[in-house]
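Visitor: Please take these sequences and the hints and turn them into a complete structure.
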Amino acid sequence: MNIKLALALSATAMLMGGTAMATDVKIGVLNDMSGVYADISGMGSVVAAQMAVEDFGAAEKGINVEIVSADHQNKPDVGSTITRQWYDQEGVDMIVDVPTSSVALAVSEITREKNKIHMNTGAGTTELTGPQCSPNTIHWLYDTYALAYGTGSAMVAEGGQTWFFITADYAFGHSLEQEASNVVTKAGGEVLGSVRHPFPGQDFSSFLLQAQSSGADVIGLANAGGDTINAVKQASEFGITQGGQDLAALLIFITDIHALGLQTAQGLVLTEPFYWNLNDGTREFAQRFGERHGGAMPTADHAGVYSAVTHYLKAVEATGGKETEALLGSMREIPADDPLLGPGEIQANGRKIHDMYLFRVKAPDASEGPWDYYETVATIPAAEAFKPVAESGCPLVN
Amino acid sequence: MAPPPAEKVRTMFELLGIPPQALFGQLLLGLINGSFYALLSLGLAVIFGLLNIINFAHGAQYMMGAFVAWMLLNYIGIGYWWALILSPLIVGATGVIIERLMISRLYKLDHLYGLLLTFGLALIIQGLFRDQYGISGLPYQIPSQLAGGQNLGFMFLPNYRGWVVVASLVICLSTWYVIERTRLGAYLRAATENPTLVGAFGVNVPRMITLTYGFGVALAALAGVLAAPIYSVNPNMGADLIIVVFAVVVIGGMGSIMGAIITGFGLGLVEGLTRVFYPEASSVVIFVIMAIVLLVKPAGLFGREA
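Chains A and B, in that order, are what the protein sequence lines are.
For what it's worth, the numbering used here labels the leading residue of the first sequence as 1, then goes sequentially.
For what it's worth, the numbering used here labels the leading residue of the second sequence as 1, then goes sequentially.
In case anyone wonders, no lab produced these hints; they're calculated from the structure.
No residue lacks a Cβ here, since even glycine has one placed at the ideal position from N, Cα and C.
One or more of the hints may lead you astray.
Stated by the list, open to error - Chain A stretches covered by chain B per the calculated footprint, using a threshold of three residues with CB under 8 Å from any CB of chain B:
hint, segment
1, 76 to 87
2, 232 to 246
3, 251 to 262
As the list claims (entries may be wrong) - Here are some, though not all, of the chain B residues that point toward chain A, as calculated from beta-carbon distances under 10 Å:
hint, residue
4, P19
5, Q145
6, A147
7, N194
8, I230
9, V233
10, V276
Guide: Next up, the structure:
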């Protein structure tokens, strides 16, 4: 039951009369339209992709862009079916977004087999640019290493020497816990223990109590979405932070903070590649985005989709066609730079790097209005924020 | 048999690697979760016992309870305590409408039709809320009177959780009392046994059944309001919980009021213990118990054999 929303984009325009050598490209936005990640990605990503096409002025440059989208329901089998159908029958050239690591790995595999392009902004696993890396996949936005590095090293530096993890019991949670443990021990901290909760979880009080009695300085939440929201909400109820323990949400998006409310979320430290209120460029984008997306501010994933689509179109313009090898080469040559993620580059393993930011959630009285949630604690330079290519374990790097 | 000496108990716990204090804390938490199971399964049991409808929309109605509490607060500034009364009334009223318009047409048909209808309704309700409010959820704070908590020595008990246990126990027991021990309850039970006969005595049976469904739905909404300050208020909050609650009802015995209450609290405790000894299995343990109970006693622990 794939509800496929085919959204034909009118950027193609009728002015095409004169341009004989127009290129037709079809971009597929594949993500979670109805489940736990629907606010983080969902229709907002489609809006972001459309804005990228319009802002790039694709039609004036002789590029006809059509955007299609579908719901992968966070299931690898559903995602694979859509991906094959898009590549084989519908002529999709590039798939963007794809949250949920298991689906992303499946899409990456098929993309390689069909020799197309996948620009992933939604998934967190470092496998995409590690052992399962592919010349056809660019991991655009973030990964578990970058998140763990940013939050982990900052908290240890602030005196959070001992850690206890509450981990979602599936591949993503394990990987996030592993990356964070490495960062903590490397920075001189110590991991006292961890507890794995079933996914998705509703009640975290037992796990929080175990974390509390461990006496660790920092309780690391290696989970996402509704699990993180529930855990943070209940941690506040059990007086965890008043008791002197810090809470570190390793993967949390601004829509999650919105759902928690500042009263509950205040003081949380987190790492993100993007925040709408960062500078004039991001604010301008966020305002236009909000007007088209029910007043909600863009998440990092939405910004990532915008940035990735923009870069892809630059390569289409530069090569004057859509031949996969040429595009992949061109995307690596053209310096990545846009108002949302700033300057960056694509590494040999397909990892795109850019600055990451360490934020702290504001207290309610420090917030100046709706969606004004973060204060910037530190900027983590691109070169430091991501896993060194040599350590990635990607077979393409030698 | 004499109870084992305290010394021995301690050694036993230490053998399992859990200090007794942590264990008591976890048991208490289990009891708190059990109160939600009990409240929700009670509503299901009332509806099934008296209407013979498997109300799959129960999770969605629990979610509506929480959302209505949020709407009351954010749109007209009505706080938690009034929401505790108003939200079940409002959601219960929607239940009455649903019963009159749709469910009442299904009483003569197989259980499956009721199940399919309410399941479809649940999907529609969740879809509408998701479309309007998104998936991440909405913030709802603990009322100031119940903020903070007590240090019990072995654990920090938030006041709000204590309140949830007390409220749930009071509601569960009074519902049981009304249905099993009063004249009104006797009418209700009689009407399910033989509606024609009870109707002949001058009792308006269809209206009684409608109100019963409304009451069951209101119980779900009440659980939703109780849950709003501690769980994420999102359109899927009930969908995540309802499967577990159905397992509770099946274990307790479909339609048994006391069975639903006792198994609700009991399974909360079992789940709490599992979280200490093998957390990974804590979401499965209830279903394992369900399978065993169905094999040994298919009507459930407290169910009347058909």
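Visitor: Each hint: holds or not?
Guide: Comparing the hints with the structure gives:
no.: 1; hint: 76 to 87; in the structure: violated (count 0)
no.: 2; hint: 232 to 246; in the structure: holds (count 6)
no.: 3; hint: 251 to 262; in the structure: holds (count 6)
no.: 4; hint: P19; in the structure: holds, 8 Å
no.: 5; hint: Q145; in the structure: violated, 14 Å
no.: 6; hint: A147; in the structure: holds, 9 Å
no.: 7; hint: N194; in the structure: violated, 41 Å
no.: 8; hint: I230; in the structure: holds, 6 Å
no.: 9; hint: V233; in the structure: holds, 8 Å
no.: 10; hint: V276; in the structure: holds, 7 Å
The structure is inconsistent with the numbered hints 1, 5, 7, although it conforms to all the rest.
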